[in-house]
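Q: So you can see what is in the structure, the chains are spelled out below.
Protein chains: 2
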Amino acid sequence: MFLCDIGNTSYHFLKDINSYKKDVNSFEPSNIKDKIYYVCVNENISQKLEKLDNWIDVSEFIDKSKYYKTMGIDRICAVEATKNAVIVDAGSAITVDVVKNGEFLGGFIYPGVRVMKKTYTNISSVLDYSFNFDLDLDIMPKNSQDAISYGFLKTLYSEVISHDLPIILTGGDAQEFKKIFKDAKLDENLIFDGMKYIIKKADIC
Amino acid sequence: MFLCDIGNTSYHFLKDINSYKKDVNSFEPSNIKDKIYYVCVNENISQKLEKLDNWIDVSEFIDKSKYYKTMGIDRICAVEATKNAVIVDAGSAITVDVVKNGEFLGGFIYPGVRVMKKTYTNISSVLDYSFNFDLDLDIMPKNSQDAISYGFLKTLYSEVISHDLPIILTGGDAQEFKKIFKDAKLDENLIFDGMKYIIKKADIC
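For the protein sequence lines, the chains are P and F, in the order given. Read left to right, the first sequence gives residues 326 to 530 (my numbering). Read left to right, the second sequence gives residues 326 to 530 (my numbering).
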């Protein structure tokens, strides 16, 4: 099965067990001739893909009544693959969704690493630091780099653990966030697992 | 006593009991002829004020050994005025400082309302919403406006309350944040209180 999850920055492919990425600005989807199942949150690319017969939009086979209208299809796929967890999808945005006993309780959106770094620099040039993912979250910071790292990471951490559920990490920055969410399960294929589940349930493959 | 707290966006004056603000880009400090005590985190304005004899820099009278080198002088003043609290100073940045039994434990920096709104819009134009400060923080969001509002506000809230200390709100957006931190004490003159305390201790007035 050939799958693709398209975000704001990249095409993320899964072909059998091989996963790879292509830049949204340079990759040409019509170059793919095989049948491929996709989800896409990028409006411009969605319009392009609708015209390509071999690109099959998995979102059409989802019971969307459980979700809200503007919820990203990538988040819905991750939730579909989950029974009991807080899903932290760390990409250009960090989406956090809560699933309890198979029920989607809701979720929130937090800025991703790159855009949040820019945010601090926009406040003041003296806050132009990279985030320290090796920060000890139990100690209040006493230097500027840790003060912004804690502001970005510990606030997110405190909210996520408050749900008292297992944590699943996915998305492009999942490895970095594993340093913060030490007990989390890393599952870089969570969205693909959800797509496979939806495709199987809809019996379209 | 005539006091002024200068941030990245405004001069904040206190003359006796009257408080008012002036824009950093248009206000000319040499127009003030009276003796005035100030703190300033704005590097350009600091250079200007050093040349004016009637502007007295309060930061020179602080025992800075308790703090870290790059910590903003406004934060130090707020801490000096506090014995036991989490101080949330909501301005262009939101600084959060923890003081326990008179000891400064450390603090962190979180983006302010205006810059964080821009952050979400930079992620995607579909996230171009104002924050909903009337959000129920006990309910996971199921729409985009609440999803970003919760991402911005509940994460901060969860971290701040985890310290289990009284909360003091100050800064330009303190009124808005009172809707989130319902039990917090609103003290718009906290930095001025700290300045007065430092001036009194140094016996310079």
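No lab work stands behind these hints: they were computed from the structure. This structure is a prediction, so every number in the text was calculated from the model and none was measured. One or more of the hints may lead you astray.
All copies of an identical chain are treated as equivalent in the list; a pair is satisfied when it fits inside any one copy or across any two copies.
[What the hints assert, rightly or not] Only pairs whose alpha carbons sit at most 30 Å apart, straight line, appear in this in silico DSS-like list of lysine-lysine:
id : residue 1 : residue 2
1  : Lys467    : Lys526
2  : Lys503    : Lys467
3  : Lys443    : Lys525
4  : Lys521    : Lys467
5  : Lys504    : Lys521
6  : Lys525    : Lys467
7  : Lys521    : Lys443
8  : Lys442    : Lys526
9  : Lys408    : Lys467
10 : Lys467    : Lys507
11 : Lys391    : Lys442
12 : Lys521    : Lys346
13 : Lys503    : Lys443
14 : Lys347    : Lys373
15 : Lys467    : Lys391
16 : Lys389    : Lys442
17 : Lys425    : Lys467
18 : Lys376    : Lys408
19 : Lys504    : Lys467
20 : Lys504    : Lys442
21 : Lys442    : Lys503
22 : Lys504    : Lys394
23 : Lys503    : Lys360
24 : Lys360    : Lys504
25 : Lys358    : Lys376
26 : Lys389    : Lys510
Q: Give a verdict on every hint.
A: Cross-check of the supplied hints:
{"no.": "1", "hint": "Lys467 to Lys526", "verdict": "between (52 Å within a copy, 25 Å between copies)"}
{"no.": "2", "hint": "Lys503 to Lys467", "verdict": "both (24 Å within a copy, 26 Å between copies)"}
{"no.": "3", "hint": "Lys443 to Lys525", "verdict": "neither (41 Å within a copy, 40 Å between copies)"}
{"no.": "4", "hint": "Lys521 to Lys467", "verdict": "between (47 Å within a copy, 25 Å between copies)"}
{"no.": "5", "hint": "Lys504 to Lys521", "verdict": "within (29 Å within a copy, 43 Å between copies)"}
{"no.": "6", "hint": "Lys525 to Lys467", "verdict": "between (52 Å within a copy, 27 Å between copies)"}
{"no.": "7", "hint": "Lys521 to Lys443", "verdict": "neither (36 Å within a copy, 36 Å between copies)"}
{"no.": "8", "hint": "Lys442 to Lys526", "verdict": "neither (41 Å within a copy, 39 Å between copies)"}
{"no.": "9", "hint": "Lys408 to Lys467", "verdict": "between (40 Å within a copy, 18 Å between copies)"}
{"no.": "10", "hint": "Lys467 to Lys507", "verdict": "both (23 Å within a copy, 28 Å between copies)"}
{"no.": "11", "hint": "Lys391 to Lys442", "verdict": "between (34 Å within a copy, 28 Å between copies)"}
{"no.": "12", "hint": "Lys521 to Lys346", "verdict": "within (19 Å within a copy, 58 Å between copies)"}
{"no.": "13", "hint": "Lys503 to Lys443", "verdict": "both (22 Å within a copy, 27 Å between copies)"}
{"no.": "14", "hint": "Lys347 to Lys373", "verdict": "within (16 Å within a copy, 51 Å between copies)"}
{"no.": "15", "hint": "Lys467 to Lys391", "verdict": "between (45 Å within a copy, 10 Å between copies)"}
{"no.": "16", "hint": "Lys389 to Lys442", "verdict": "between (34 Å within a copy, 28 Å between copies)"}
{"no.": "17", "hint": "Lys425 to Lys467", "verdict": "between (38 Å within a copy, 15 Å between copies)"}
{"no.": "18", "hint": "Lys376 to Lys408", "verdict": "neither (35 Å within a copy, 65 Å between copies)"}
{"no.": "19", "hint": "Lys504 to Lys467", "verdict": "both (20 Å within a copy, 29 Å between copies)"}
{"no.": "20", "hint": "Lys504 to Lys442", "verdict": "both (18 Å within a copy, 27 Å between copies)"}
{"no.": "21", "hint": "Lys442 to Lys503", "verdict": "both (19 Å within a copy, 27 Å between copies)"}
{"no.": "22", "hint": "Lys504 to Lys394", "verdict": "between (33 Å within a copy, 27 Å between copies)"}
{"no.": "23", "hint": "Lys503 to Lys360", "verdict": "neither (34 Å within a copy, 54 Å between copies)"}
{"no.": "24", "hint": "Lys360 to Lys504", "verdict": "neither (38 Å within a copy, 52 Å between copies)"}
{"no.": "25", "hint": "Lys358 to Lys376", "verdict": "within (13 Å within a copy, 71 Å between copies)"}
{"no.": "26", "hint": "Lys389 to Lys510", "verdict": "within (27 Å within a copy, 43 Å between copies)"}
Figure legend: structure checked against the earlier numbered hints; hints not met, in rising order: 3, 7, 8, 18, 23, 24.
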